[in-house]
Amino acid sequence: MNIVVCLKQVPGITDVKIDPETNTLIRQGIKNIINPLDTYALEEGVRIKERCGGKVTVISMGPPQAEEMLREAISQGADEAVLLSDRAFAGADTWATAYTLAVTINKLGQYDIIICGRQTLDGDTGQVGPELAEMLGIPFIAYVSQIEEIVKGQMRIQRMVEGGHEIIQSPLPALITVVKEINMPRLPSLRGIAKSQSAVIPTWTIQELGIDPGRVGLSGSFTRVIKVFSPQRTSQAEIFQGELESQVDCLVDKLKNAGLT
Amino acid sequence: MEYFLNDKQKMIKSLARRIAEERILPGRTELDEREEFPWAILKDMADADLFRVFVPEEYEGLGGGCFELCLVVEELARACSGVAVSYAASALGSFTLVDYGSDAQKQKYLPSIASGKSLTAFALTEPTAGSDALAIKTTAEKVEGGYLLNGTKQFITNGGDAEIYTVIALTDKTRGPRGASALLVEKGTPGFSFGKKEKKMGIRASSTCELVFRNCLVPEENLIGKPGRGFLMTMNLLDQSRPGVGSQALGLAQGALEAAVDYTEQRAQFGHPIISLPVVQDILADMAIQVEAARALIYATARTIDSGATNYTENSAMAKVFASDAAMKITTDAVQVCGGAGYMKDYPLEKMMRDAKITQIYEGSNQVLRNAIAVHLRKRKAKTE
Chain E
1 MNIVVCLKQV PGITDVKIDP ETNTLIRQGI KNIINPLDTY ALEEGVRIKE
51 RCGGKVTVIS MGPPQAEEML REAISQGADE AVLLSDRAFA GADTWATAYT
101 LAVTINKLGQ YDIIICGRQT LDGDTGQVGP ELAEMLGIPF IAYVSQIEEI
151 VKGQMRIQRM VEGGHEIIQS PLPALITVVK EINMPRLPSL RGIAKSQSAV
201 IPTWTIQELG IDPGRVGLSG SFTRVIKVFS PQRTSQAEIF QGELESQVDC
251 LVDKLKNAGL T
Chain W
1 MEYFLNDKQK MIKSLARRIA EERILPGRTE LDEREEFPWA ILKDMADADL
51 FRVFVPEEYE GLGGGCFELC LVVEELARAC SGVAVSYAAS ALGSFTLVDY
101 GSDAQKQKYL PSIASGKSLT AFALTEPTAG SDALAIKTTA EKVEGGYLLN
151 GTKQFITNGG DAEIYTVIAL TDKTRGPRGA SALLVEKGTP GFSFGKKEKK
201 MGIRASSTCE LVFRNCLVPE ENLIGKPGRG FLMTMNLLDQ SRPGVGSQAL
251 GLAQGALEAA VDYTEQRAQF GHPIISLPVV QDILADMAIQ VEAARALIYA
301 TARTIDSGAT NYTENSAMAK VFASDAAMKI TTDAVQVCGG AGYMKDYPLE
351 KMMRDAKITQ IYEGSNQVLR NAIAVHLRKR KAKTE
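Sequence order for the protein chains is E and W. The numbering used here applies: residue 1 is where the first sequence begins, and numbers increase by one. The numbering used here applies: residue 1 is where the second sequence begins, and numbers increase by one.
None of these hints come from the bench; they were simulated from the model. No residue lacks a Cβ here, since even glycine has one placed at the ideal position from N, Cα and C. Incorrect hints may have been included.
Here are the simulated BS3-like pairs of lysine-lysine, each with C-alpha atoms no more than 27 Å apart in a straight line [to be verified]:
| # | chain 1 | residue 1 | chain 2 | residue 2 |
| --- | --- | --- | --- | --- |
| 1 | W | 329 | E | 195 |
| 2 | E | 17 | E | 49 |
| 3 | W | 329 | W | 200 |
| 4 | E | 152 | E | 31 |
| 5 | W | 200 | W | 142 |
| 6 | E | 49 | W | 357 |
| 7 | E | 107 | E | 55 |
| 8 | W | 226 | W | 106 |
| 9 | W | 142 | E | 195 |
| 10 | W | 13 | E | 31 |
| 11 | W | 10 | W | 117 |
| 12 | W | 173 | E | 195 |
| 13 | W | 43 | W | 10 |
| 14 | W | 43 | E | 180 |
| 15 | W | 173 | W | 117 |
| 16 | W | 197 | W | 345 |
| 17 | W | 357 | W | 345 |
| 18 | W | 117 | E | 49 |
| 19 | W | 13 | W | 117 |
| 20 | E | 55 | W | 117 |
| 21 | W | 43 | W | 196 |
| 22 | W | 106 | E | 195 |
| 23 | W | 43 | E | 55 |
| 24 | E | 17 | E | 152 |
| 25 | E | 195 | W | 8 |
| 26 | W | 197 | W | 187 |
| 27 | W | 13 | W | 43 |
| 28 | W | 200 | W | 357 |
| 29 | E | 49 | E | 107 |
| 30 | W | 117 | W | 106 |
| 31 | W | 142 | W | 106 |
| 32 | E | 31 | W | 173 |
| 33 | W | 8 | W | 173 |
| 34 | W | 43 | E | 195 |
| 35 | W | 173 | W | 187 |
| 36 | W | 10 | E | 31 |
For the chain W half of the interface with chain E, some residues (derived, Cβ under 7 Å), not all of them [stated by the list, open to error]:
| # | residue |
| --- | --- |
| 37 | 11 |
| 38 | 46 |
| 39 | 47 |
| 40 | 49 |
Whole structure, please, built from the sequences with the hints as guidance.
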């Protein structure tokens with residue numbers, strides 16, 4: 001069983017601060033972490049390997065420091081890792097990202113299951129998984145909460161839907177995106193850490209992928225982020241003073257003037 | 001303080017700390033309250049390879065020594081001493097096999113101990129044999145095909161939950177100290193059952209249970225080493241394992257110190273955080289001194305043992321006695337500086353104080369160990385005369 005898990009390194013915060021001048025994320029003093037939902041994808045990949053045999057390859061597109069995250073993935077049970085890093089990949093939207101990942105996965109060779117987290121903490125689109133499946137021409141199942149069985153080139157899974165679960169049977173290869181209900185990710189192991197420290201993690205650029213620079217990064221993207229901003233807090237409070245009756249009168253007047261009565 | 005840990009030791013320490021903080025700390029209060037054996041946490045520790053630390057490399061372990069084991073126990077105990085002792089007791093139950101077992105015995109048992117699939121326990125204490133270990137009554141009579149075990153072991157850590165037991169029993173009642181032997185007994189062996197499960201003051205997440213042997217036939221090949229060497233092996237084992245009890249006390253003391261500093265920094269009285277009061281500072285400083293001194297003594301002892309030294313009874317006793325006395329004092333003082341809050345179950349300190357007490361008692365009470373240290377002093381004096 002060849003399992004590929006897609007990982008993304010994201011800023012480890014929930015309260016995003018944006019530089020108003022450049023409209024980009026303020027990254028100073030922020031630790032990068034593995035996208036939390038991707039940790040469940042990795043854990044599920046490792047569990048499938050433990051159950052059915054095979055190997056888990058983790059891939060990530062990102063800056064050179066994403067290599068550190070790939071090492072951590074190896075310490076948590078992944079067998080091999082490939083980093084996709086090239087200035088040309090910068091500024092990719094979901095389409096260009098999925099395209100780069102698709103070319104990479106085809107280059108890796110035979111695969112049975114591809115696993116992604118449901119969405120990322122920063123981009124939050126949830127689109128890369130389905131787009132990747134589309135480009136590879138394989139079945140796609142979102143919001144997977146349990147893999148019931150994998151036998152004879154088929155897998156039966158449970159996915160979360162509004163108010164319940166769906167059980168789906170799909171041929172392999174297939175791509176799934178997982179939700180956090182699927183498992184409890186393990187911590188690194190001592191043998192895993194030792195292995196991760198000596199693991200050779202190749203970096204693939206557009207040359208290695210033999211890819212047209214026009215189809216990746218900002219130039220391969222159909223969408224552009226024009227502006228990123230935190231919503232301005234506009235709520236204003238007014239406190240009426242004086243006797244209770246005059247306070248009520250003031251309130252009624254205000255509501256009338258605001259057209260609310 | 002710089003203790004010059006190598007990369008592997010740093011890695012072990014930091015992973016043990018991560019497990020302690022992420023997996024042990026959130027549930028320690030409940031484990032204590034419910035006296036619940038921490039299976040889920042031990043599974044996480046097994047997955048993280050922590051049970052491999054004390055197993056030799058040729059049997060799927062990581063080949064760590066006393067020092068590496070101490071580092072793990074210290075970090076675990078910083079969060080919960082009850083979980084730490086469940087782990088440490090499994091090392092205790094394995095060491096006799098590691099040191100004196102045959103290759104076949106090691107092949108059979110160590111890989112499953114290393115993977116964390118099988119917990120182990122060490123069984124010496126009996127209702128009539130505590131500090132006076134030579135007073136054990138459990139017998140292992142040589143019969144056709146093995147040894148017939150009869151007797152009761154008391155206060156056995158991991159009892160009932162462990163799969164593999166190292167049991168010390170008399171194979172020859174007439175030979176006194178030279179009449180005991182060590183046997184490996186598997187859970188489920190006919191004639192081997194569990195008696196009373198103890199309810200304890202502290203380390204309540206760990207299990208403590210009676211082992212009952214009634215005509216329990218243990219196969220000949222489960223005898224560890226030579227017959228008659230059981231007490232000698234036990235004395236060596238305990239010399240080796242006492243720094244581990246010291247580490248349990250040390251981790252506990254470290255956790256109490258940190259909790260006390262946190263609390264006294266945020267607790268304001270008379271308009272200031274109470275940590276700014278000289279009386280409180282004095283207590284905290286004394287706690288810190290004791291913690292660091294205990295650490296230095298334990299680390300030095302563990303390294304002495306790992307260097308291949310042959311006689312370290314005295315050092316090992318000192319490390320255990322000093323750290324456990326320190327832990328008792330530190331946890332008591334920590335409760336004191338935290339006042340009413342320290343006494344309440346909403347805070348971790350009352351649990352730490354209860355957990356500390358046992359470290360002065362088990363694996364040789366501090367009184368018995370002081371006695372052993374004094375014996376060495378007299379022996380040395382006699383030699384110089």
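Hints and how they fare:
no.: 1; hint: W/329 with E/195; in the structure: violated (42 Å)
no.: 2; hint: E/17 with E/49; in the structure: violated (39 Å)
no.: 3; hint: W/329 with W/200; in the structure: holds (20 Å)
no.: 4; hint: E/152 with E/31; in the structure: violated (43 Å)
no.: 5; hint: W/200 with W/142; in the structure: violated (36 Å)
no.: 6; hint: E/49 with W/357; in the structure: violated (45 Å)
no.: 7; hint: E/107 with E/55; in the structure: holds (16 Å)
no.: 8; hint: W/226 with W/106; in the structure: holds (16 Å)
no.: 9; hint: W/142 with E/195; in the structure: violated (48 Å)
no.: 10; hint: W/13 with E/31; in the structure: holds (22 Å)
no.: 11; hint: W/10 with W/117; in the structure: holds (25 Å)
no.: 12; hint: W/173 with E/195; in the structure: violated (52 Å)
no.: 13; hint: W/43 with W/10; in the structure: holds (22 Å)
no.: 14; hint: W/43 with E/180; in the structure: holds (20 Å)
no.: 15; hint: W/173 with W/117; in the structure: violated (35 Å)
no.: 16; hint: W/197 with W/345; in the structure: holds (24 Å)
no.: 17; hint: W/357 with W/345; in the structure: holds (17 Å)
no.: 18; hint: W/117 with E/49; in the structure: holds (19 Å)
no.: 19; hint: W/13 with W/117; in the structure: holds (22 Å)
no.: 20; hint: E/55 with W/117; in the structure: holds (23 Å)
no.: 21; hint: W/43 with W/196; in the structure: holds (25 Å)
no.: 22; hint: W/106 with E/195; in the structure: holds (25 Å)
no.: 23; hint: W/43 with E/55; in the structure: holds (23 Å)
no.: 24; hint: E/17 with E/152; in the structure: violated (49 Å)
no.: 25; hint: E/195 with W/8; in the structure: holds (12 Å)
no.: 26; hint: W/197 with W/187; in the structure: holds (16 Å)
no.: 27; hint: W/13 with W/43; in the structure: holds (18 Å)
no.: 28; hint: W/200 with W/357; in the structure: holds (11 Å)
no.: 29; hint: E/49 with E/107; in the structure: holds (21 Å)
no.: 30; hint: W/117 with W/106; in the structure: holds (15 Å)
no.: 31; hint: W/142 with W/106; in the structure: holds (23 Å)
no.: 32; hint: E/31 with W/173; in the structure: violated (65 Å)
no.: 33; hint: W/8 with W/173; in the structure: violated (46 Å)
no.: 34; hint: W/43 with E/195; in the structure: holds (21 Å)
no.: 35; hint: W/173 with W/187; in the structure: holds (25 Å)
no.: 36; hint: W/10 with E/31; in the structure: holds (21 Å)
no.: 37; hint: 11; in the structure: holds (6 Å)
no.: 38; hint: 46; in the structure: violated (9 Å)
no.: 39; hint: 47; in the structure: holds (5 Å)
no.: 40; hint: 49; in the structure: holds (4 Å)
Checked against the numbered hints given earlier, this structure breaks hints 1, 2, 4, 5, 6, 9, 12, 15, 24, 32, 33 and 38; the rest are met.
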